[in-house]
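Using the sequences plus the hints, can you model the full thing?
Here is what each chain is made of, one letter per residue.
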Amino acid sequence: MLEVSDLHCAYGNVNILQGVSLSVTAGEILCLMGRNGAGKTTTLKCIMGLVRSSSGSVMLDGLEISQLPAHKIPGLGIGYIPQGRRLFSELTVAENLEIGLMTRNSGRNIREQVLEIFPRLRERMDQTAQTLSGGEQQMLATARALCLEPAILLLDEPTEGLQPSMIEQIRQVIISMKNEGAAVILVEQRLDAVLSIANRVTFIENGISRETVDAEKLDRDNEYLARYVGV
Amino acid sequence: MDLGPYLLLASLEGAVQAAVLALTAVGLSLVFGVMRIVNVAHGEFFMLGAVFAWWIATFFGGHPAIGFIAALLIAPLLTGLVAVIVDWFVLKRLEYDPEGTIVATIGVLYIIQQVVLMTYGPDARPVEAPFNHRFYFPWFGYSSYKLFVIAAAIAILIGVWMIMAKTRIGLVLRATQLDRETATAFGIEVNRIYALVFGLGAALAAMAAVLIVPIQQAHYLMGGDPLLLSFIVVIIGGLGSLRGTVVAAALIGMSDGIISVFFTPTLAKILATLLVAMVLVYRPNGLFGTRSA
Ligand SMILES: Nc1ncnc2c1ncn2[C@@H]1O[C@H](COP(=O)(O)OP(=O)(O)O)[C@@H](O)[C@H]1O
Ligand SMILES: [Mg+2]
Numbered sequence: 001m002l003e004v005s006d007l008h009c010a011y012g013n014v015n016i017l018q019g020v021s022l023s024v025t026a027g028e029i030l031c032l033m034g035r036n037g038a039g040k041t042t043t044l045k046c047i048m049g050l051v052r053s054s055s056g057s058v059m060l061d062g063l064e065i066s067q068l069p070a071h072k073i074p075g076l077g078i079g080y081i082p083q084g085r086r087l088f089s090e091l092t093v094a095e096n097l098e099i100g101l102m103t104r105n106s107g108r109n110i111r112e113q114v115l116e117i118f119p120r121l122r123e124r125m126d127q128t129a130q131t132l133s134g135g136e137q138q139m140l141a142t143a144r145a146l147c148l149e150p151a152i153l154l155l156d157e158p159t160e161g162l163q164p165s166m167i168e169q170i171r172q173v174i175i176s177m178k179n180e181g182a183a184v185i186l187v188e189q190r191l192d193a194v195l196s197i198a199n200r201v202t203f204i205e206n207g208i209s210r211e212t213v214d215a216e217k218l219d220r221d222n223e224y225l226a227r228y229v230g231v
Numbered sequence: 001m002d003l004g005p006y007l008l009l010a011s012l013e014g015a016v017q018a019a020v021l022a023l024t025a026v027g028l029s030l031v032f033g034v035m036r037i038v039n040v041a042h043g044e045f046f047m048l049g050a051v052f053a054w055w056i057a058t059f060f061g062g063h064p065a066i067g068f069i070a071a072l073l074i075a076p077l078l079t080g081l082v083a084v085i086v087d088w089f090v091l092k093r094l095e096y097d098p099e100g101t102i103v104a105t106i107g108v109l110y111i112i113q114q115v116v117l118m119t120y121g122p123d124a125r126p127v128e129a130p131f132n133h134r135f136y137f138p139w140f141g142y143s144s145y146k147l148f149v150i151a152a153a154i155a156i157l158i159g160v161w162m163i164m165a166k167t168r169i170g171l172v173l174r175a176t177q178l179d180r181e182t183a184t185a186f187g188i189e190v191n192r193i194y195a196l197v198f199g200l201g202a203a204l205a206a207m208a209a210v211l212i213v214p215i216q217q218a219h220y221l222m223g224g225d226p227l228l229l230s231f232i233v234v235i236i237g238g239l240g241s242l243r244g245t246v247v248a249a250a251l252i253g254m255s256d257g258i259i260s261v262f263f264t265p266t267l268a269k270i271l272a273t274l275l276v277a278m279v280l281v282y283r284p285n286g287l288f289g290t291r292s293a
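Protein chains in written order, with the working numbering: chain Z, 1 to 231; chain R, 1 to 293.
Take every hint as true, because none was put in to throw you off.
Partial list, derived from the structure: chain Z residues whose beta carbon lies under 8 Å from chain R:
#1 Met48
#2 His71
#3 Pro74
#4 Glu90
#5 Ile99
#6 Met102
Stretches of chain R that chain Z covers, calculated by requiring three or more beta carbons in the stretch to come under 8 Å of a beta carbon on chain Z:
#7 172-181
#8 188-200
FYI, nobody ran anything at the bench for these hints, they're computed from the structure.
This structure is a prediction, so every number in the text was calculated from the model and none was measured.
In this text, a Cβ means the ideal position worked out from N, Cα and C, and glycines have one as well.
As structure tokens, then:
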């Protein structure tokens, strides 16, 4: 479904990605793992077109999208949940969702579906995003992306700084998206979270994707984790 | 006249100033807020609005109201178009770099001024007011057109507020202002929004100018004062805050009017500039600003 090959990109003249390849199919969860600064966030931004790639390709269902203007990419059905949530802080919950709904002209029924997944947000519709708790903010960031009815979901460390109950809820949403046939790319540092939901894991080191392995092959004393993540 | 009526007269003059200033400054504030650039050529868009108004009014002839209404509709449109062209050919190419755009808009300022000097000439020319009744208070008569200016400016400001608060495009503008990268990740074409905002900001300055030309004549150097006062207002109101800008414009415009009537216009400018200095020292985010960056 989404196939990234040999992606290179730079900020100014500092090379950040120097050969990232990965692929994810419908109904599958691919985890990206790697140390801080390895280039996981940059990989997702590059897929979204927010950072221009200097070479390599991003194919979505056979269509090369890496040369498209960035604002055209979400409309193809890619929902992005950025690291640190990046909500429109002074806009209300309802307005944040509206931005998501506008992306692909989704109807009111989509908004209802999303609010059924996150009933807490319904009680907070007129509050500004910055007044929500951390967990509610993550719900809103996720809900905003689900408003696109995404075929592909990119999540960048969605459980960062959340309480266990909230982590579990986010996990359930990711699993149900997968079961509905979405392709999911998840950047995650927490090993237990990865092992319990990932199908495959791609390890990134210094801007290069080193290896992709089935999640079943990983366990706590696996050499991959020691080498690429340092646990 | 007693002090009371004199004060009323001074307040009316101040309110006219405040109304026009609020429109101009909201244009500047919108551009700064959404695009994060300081538009030094903003006063020239004001001047262009006045000059276009003269041309349009002269072209239409007939009853002054026809020319005036035509000017009020067309001059902001033409000015907005000039601004969109500037955005496309200059600002976009600089990738909206904060320092680069300051220097570039200084250049644009001189280009617009000189082109107007070469075509329109060095003369100050009036546009006739659409109507010229006098409204009689018990103590003095007052131009009904000036009262209309106050009302029209308030109506336009309410219109801007409605667009920003209640429409889809307003929502998109606010989202872009808050986080352009995330806005892009949700399908918003930031470059188009920037062109629109730059055009809208210039059009607001032009509307203010069309309202003022029946009172003050159109002249190629008339952009200086509105630029300075708009900067003062935008700084006092808090960069990018529309509500703060309107309140600060009312404050500066009214006090400018009243102090000018009772003392001298120079004293009014001195006090306004002093206020800016105080705000910069004690409330660097403006009286109403919230953003810390
Ligand atoms: N806007 C930027 N400008 C310059 N360098 C950046 C920028 N964003 C990230 N980097 C650098 O790119 C590298 C990869 O960052 P990132 O993709 O955020 O890593 P990760 O998400 O894996 O922790 C880091 O070395 C980081 O310092
Ligand atoms: Mg990261």
